[in-house]
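Take a look at the letters that make up each chain.
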Amino acid sequence: MRRLAFVSPVPPAATGIADYAADVLWLLAPRYQIDVFHDQAAPDRARLPATVGLHHHSTLAERHADHQYDLSVHQMGNGPAHDFVYEALVRVPGLLVLHDLVLHHARGRMFLESPAARAYAADPGRPAAREAAEAEIAGYAAEVRHGYPAQAGRLVPAYLGTTGLLLPYAYPLFRLPVESSRLVAVHNEFMAAAVSDEVPAAEVVRIPMPIEPVAVAPGAVQALRARYGIAPGDFVVGTFGLVTREKRVETVARAVARAAASRPGLRLLVVGPAADGQALHARLGALGAGERAIVTGRVPMADLAAHIELSDAVVHLRYPTARETSAALLRVLAQGRPTVMADLEHLADVPMDAVVRADVADEEGEVTRAILRLAESPSLRERLGRAARAFVAREHAPARAAEAYAAAIERAIARPDPVSRAWPAHWAALAGRP
Amino acid sequence: MEEDPDLAALRARLEEEERAYAALLARLDALAALPLPAQRLPELPGKLERLNRLWAAPGPPEGGGLTGRALRKRWELFAPVFQRQTEFNGTLVQVLNSYLEETGAFHARLAEVTSVLVQYLQRVLPVMDARDRVASTLSTTRAELVLEAFDRRQESLGRRLQGLLALRDRLETVSEEVRAIRSALAADPPPPTVADGAAARAAADAQYVAFENRFRGDRDDLRERLAGYVELFADAAPVVDLGCGRGEFLELLRERGIAARGVDGNAQAAASCRERGLDVTRGDLVDFLREQPAGSLGGVFAAQVVEHLPPAVLQDALAAAHRALRAGGVLALETVNPRSVVGFHEVYLRDLTHRTPLHPDTLSFLAAAQGFTDVRVEMRSPVDPAARLQPIPADGLPPRAVEALNENAARLNALLYGPQEYVLIARR
Numbered sequence: 001m002r003r004l005a006f007v008s009p010v011p012p013a014a015t016g017i018a019d020y021a022a023d024v025l026w027l028l029a030p031r032y033q034i035d036v037f038h039d040q041a042a043p044d045r046a047r048l049p050a051t052v053g054l055h056h057h058s059t060l061a062e063r064h065a066d067h068q069y070d071l072s073v074h075q076m077g078n079g080p081a082h083d084f085v086y087e088a089l090v091r092v093p094g095l096l097v098l099h100d101l102v103l104h105h106a107r108g109r110m111f112l113e114s115p116a117a118r119a120y121a122a123d124p125g126r127p128a129a130r131e132a133a134e135a136e137i138a139g140y141a142a143e144v145r146h147g148y149p150a151q152a153g154r155l156v157p158a159y160l161g162t163t164g165l166l167l168p169y170a171y172p173l174f175r176l177p178v179e180s181s182r183l184v185a186v187h188n189e190f191m192a193a194a195v196s197d198e199v200p201a202a203e204v205v206r207i208p209m210p211i212e213p214v215a216v217a218p219g220a221v222q223a224l225r226a227r228y229g230i231a232p233g234d235f236v237v238g239t240f241g242l243v244t245r246e247k248r249v250e251t252v253a254r255a256v257a258r259a260a261a262s263r264p265g266l267r268l269l270v271v272g273p274a275a276d277g278q279a280l281h282a283r284l285g286a287l288g289a290g291e292r293a294i295v296t297g298r299v300p301m302a303d304l305a306a307h308i309e310l311s312d313a314v315v316h317l318r319y320p321t322a323r324e325t326s327a328a329l330l331r332v333l334a335q336g337r338p339t340v341m342a343d344l345e346h347l348a349d350v351p352m353d354a355v356v357r358a359d360v361a362d363e364e365g366e367v368t369r370a371i372l373r374l375a376e377s378p379s380l381r382e383r384l385g386r387a388a389r390a391f392v393a394r395e396h397a398p399a400r401a402a403e404a405y406a407a408a409i410e411r412a413i414a415r416p417d418p419v420s421r422a423w424p425a426h427w428a429a430l431a432g433r434p
Numbered sequence: 001m002e003e004d005p006d007l008a009a010l011r012a013r014l015e016e017e018e019r020a021y022a023a024l025l026a027r028l029d030a031l032a033a034l035p036l037p038a039q040r041l042p043e044l045p046g047k048l049e050r051l052n053r054l055w056a057a058p059g060p061p062e063g064g065g066l067t068g069r070a071l072r073k074r075w076e077l078f079a080p081v082f083q084r085q086t087e088f089n090g091t092l093v094q095v096l097n098s099y100l101e102e103t104g105a106f107h108a109r110l111a112e113v114t115s116v117l118v119q120y121l122q123r124v125l126p127v128m129d130a131r132d133r134v135a136s137t138l139s140t141t142r143a144e145l146v147l148e149a150f151d152r153r154q155e156s157l158g159r160r161l162q163g164l165l166a167l168r169d170r171l172e173t174v175s176e177e178v179r180a181i182r183s184a185l186a187a188d189p190p191p192p193t194v195a196d197g198a199a200a201r202a203a204a205d206a207q208y209v210a211f212e213n214r215f216r217g218d219r220d221d222l223r224e225r226l227a228g229y230v231e232l233f234a235d236a237a238p239v240v241d242l243g244c245g246r247g248e249f250l251e252l253l254r255e256r257g258i259a260a261r262g263v264d265g266n267a268q269a270a271a272s273c274r275e276r277g278l279d280v281t282r283g284d285l286v287d288f289l290r291e292q293p294a295g296s297l298g299g300v301f302a303a304q305v306v307e308h309l310p311p312a313v314l315q316d317a318l319a320a321a322h323r324a325l326r327a328g329g330v331l332a333l334e335t336v337n338p339r340s341v342v343g344f345h346e347v348y349l350r351d352l353t354h355r356t357p358l359h360p361d362t363l364s365f366l367a368a369a370q371g372f373t374d375v376r377v378e379m380r381s382p383v384d385p386a387a388r389l390q391p392i393p394a395d396g397l398p399p400r401a402v403e404a405l406n407e408n409a410a411r412l413n414a415l416l417y418g419p420q421e422y423v424l425i426a427r428r
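Sequence lines, in order, name chains D and A.
Residues 1 to 434 in our numbering are what the first sequence spells out, letter by letter.
Residues 1 to 428 in our numbering are what the second sequence spells out, letter by letter.
Derived by calculation from the structure, the hints in this document are not laboratory data.
A couple of the hints might just be wrong.
Selected chain D positions facing chain A (in silico; Cβ < 10 Å) [to be verified]: (1) Leu166; (2) Leu344; (3) Pro351; (4) Arg369.
Note that beta-carbon positions come from the ideal geometry of N, C-alpha and C, so glycine has one too.
For reference, chain A alone in the conformation it holds in the complex:
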């Protein structure tokens, strides 16, 4: 099995060090087998015991009679010498005893120290091994963190790539369809001017429908968002939905039993609505309103439309709506809220066909100027709370600083992350 050269070199060095370590440890171990004096000189304790027994000089002789007296006389003559010799012997034996005791204790201590030293050296390897393991675990943890981050990113990119590949497939399919349509048109071309105009309009219409599909969400999402407006028109039939798009709101009204019609400039959207049985005209919004008899409508609704109109056309549309509505009729206009930075940047700027950002006060003023009453504005589409600046907890921080920071965060939230849309509601 091939091994990394650096790792192989480290392993070789480790083996060499381990061999040297083992050899030195074996030498030390051998030196630690130091015998005590009693072990080396087994006759010593017996001799010492005999010395202790013999050190005292003999006492005066006992016994009576002439011989006994003569002996005692002679002993008394030498008694001072015996006494000194006895004292000398006693001191010498005491010194020898102390010396031998001390030497034995010293040797025992030396043996104990050597034994502990060997044990200590034997523990060096396990300690180094435990340290190695801790270091290895730490470095593994670091590697795993990096690997996990990388792996997650790769997984995420993999999924996105799958999505892109699916999109590419779809694009290729659509390209084929377009080629087929072009071939059919080439085989049987309509009069050039009409064909060019129709094709251009159809292409633009198709693009806008695709745009709406992408950025305004699917039909179910939109129905869910618009459902809240149905109640406004509960007693306001017939209702006109200006710029009705894919007809979601008209369907909601129909389900509620409220008569309604729609108008949209996009031919593809209007045709799609009609396929679903909705009463939708393709045409200009202002013209459509002007065609309605005065006071004939109960409600006029427009979601995400007024910001597409130039100011003069918007004013014309408001005037035409005011004329077509009966007294008490409801006007509801939903539009992007340009006061919200995220609304303006993420919603308004995304659509190239937006013409006029409408401040709520401006739209209110224009509606009132055309004669509408009870004009009010309601905010819609709040930004996901998780996406807003989060208040900081008070833990361990000065309360006044926390209060000030959180108040500033709240102000910034209001400016940056205010509701992305609003609806103007007014009555004729």
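Looking at chain D on its own, in the form it has when it is part of the complex:
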């Protein structure tokens, strides 16, 4: 049986990729002997197969030296839960599963929010603080220069001098991890094309995200309706996932408030952890959706499907986006919910007849009209739900994902380690190839 090192955050880490990793481990565990390498104080053992080993990431190189793994699989995303994966993927190159095309925010933060860099930011007039931060700034600049040699001269000072979020989206900064891997796996065609365009030598494969519908106990939805005080004629518009600026909950709230002017009985259901629930409620109130909003916060995975089915329609907006395939969206589609989603290029894989697409140039208006149309047409809702369910069953069946993973793993094992390039010095040093 092949031995895999699986480098990833795992539950209960505050990232959807941890849940994804658990799902994938259950699919791979029967076929491979797997050691999971993480960076957490207390991984949730119960969420993982009993056969997988759990180790701190700092032991990966040593374990690999003692007894070579056939392949190391690295789950990479644009959040702080993945900081430790960089070193692992350089030291033990393997299969890079790239969840987010954009890694710039995370990588920038790792360099520019180090203690020394923070001290410099707090007191930029002090030459000593500047000197202390220079190593970090130089490391960041070197990586940007490697990814974008023509733009780095302007990009680095601009990034250092701004507080905005959008700039890094235009410069995703994935070249180094891609160049340092044997094979890259992504979840959508857009990302596959983007990686190939920027790093033509990279081998890229697509792996479907494993999602399947969850059976909801009879009466569970009715019980939730009663718990949240939803009247029989009310039409519930749900939105799911960690509440961040990118989820555009405010846009959804404005659309619900607008639609409610001509369709009374609209309710807004916000499901997902929010940094500040009270502030969110206050904001929804200011947008005119306060009285009709239900903010649940984080719900247990076991209750998620019932909350999805509680929604008569779901709105899934993302902007700006790291081009990730959203498990939250696929879960909603798997449960057969009629869904309005942002019409984004990387979501072109979702069939036209399975969702209502909202043009991002007029999201609020498009969502408002879609909600009204869905509220008035049970047959449209039924038709969309049916097509959505069929799409997920067809394209994201766990068995299909398992086969795709197995094929990618074999392909990566057969490929040689990546060749050294003119990498930044700190990166080459990590790889042991200065």
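Fit chain A to the supplied structure of chain D, relying on the hints for placement.
Structure of chain A alone, referenced to chain D:
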């Protein structure tokens, strides 16, 4: 790393200014180290204390005897002089004490002022930095707003481009099919006149089917819209659907168990219906009705048909329907509502084959004129409320102005955004 020349020049200037600033601050700091008199003249407090102790003249000598008396006599002789000298000494010492106290306080104040001045100058940079950050954040926010608008537009255009590319692919496929058909026809041509006519009709029919597919919505949409009419014909079998198109309404009737037939002038549509097992004839609507035995039909239905007919043909069709229906039979004619500006502009004008916009009163009059009774009109297809003019809220505005504005908005809504279609329902 290359840097923008303008930015490099600004950075150089900033460094120069910072150097000059630091040098001046260092000079000021050095000047601020001003010693107090007590620090500069450490022997001064001791001398002052001695002066305070010595300023008074000695008193009369004490002691008895001849010598003591003689000394007192002599002291009394000089006593006025001693008294003046004592007064002079006291005043001088007081002046000196006050002067030294005042000088010390002044020097202490001067040192404090200088120290605060240095601190103030040291705060100038942080204040300028905080202002820079606020200005930078504001300009970033502006840039991000512009970038977001641009990025959204680009994303939107990207998706539209994808759609157009898919359409181009489809067009190329269809072109290939057409070329293949033409080649086949060229290889085995039918008699010229018949072939030309058939090809022209087929092309026109295909175009109209494509037109309907594009603008009337897909089959599911149309079924949903027409489903509301089924109940009208619950006891009205057999029903004839005039201009039945793709047969959506006939399917709904069949599912409800109501016997029905259709007729349509479009050969492609009629053939498509027959493929799905529907009883559809390709032919002229009026001729078809005239062929039905008098009083043999329970219902006549036509959706989006009557506006295609010239007035004389419409009158003939109404007369033929009246003849073919039995007593109590139902006539239902759905058409575009030309009283709604959006209905007229967005629905009626879009179709080149529309011949006659029919005001509801006109169609009602024509039906009644042919002998139909219980003639009534029902409005359909309301405009999306979000697309209508929105009432303004009363917040902070004069109530009468709000009322007047909202009333005007309501009137305009009725005129511009009235229901886009209506159905005339009548009985034989």
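The hints, checked one at a time:
no.: 1; hint: Leu166; verdict: holds (5 Å)
no.: 2; hint: Leu344; verdict: holds (6 Å)
no.: 3; hint: Pro351; verdict: violated (13 Å)
no.: 4; hint: Arg369; verdict: holds (5 Å)
The structure is inconsistent with hint 3 alone, although it conforms to all the rest.
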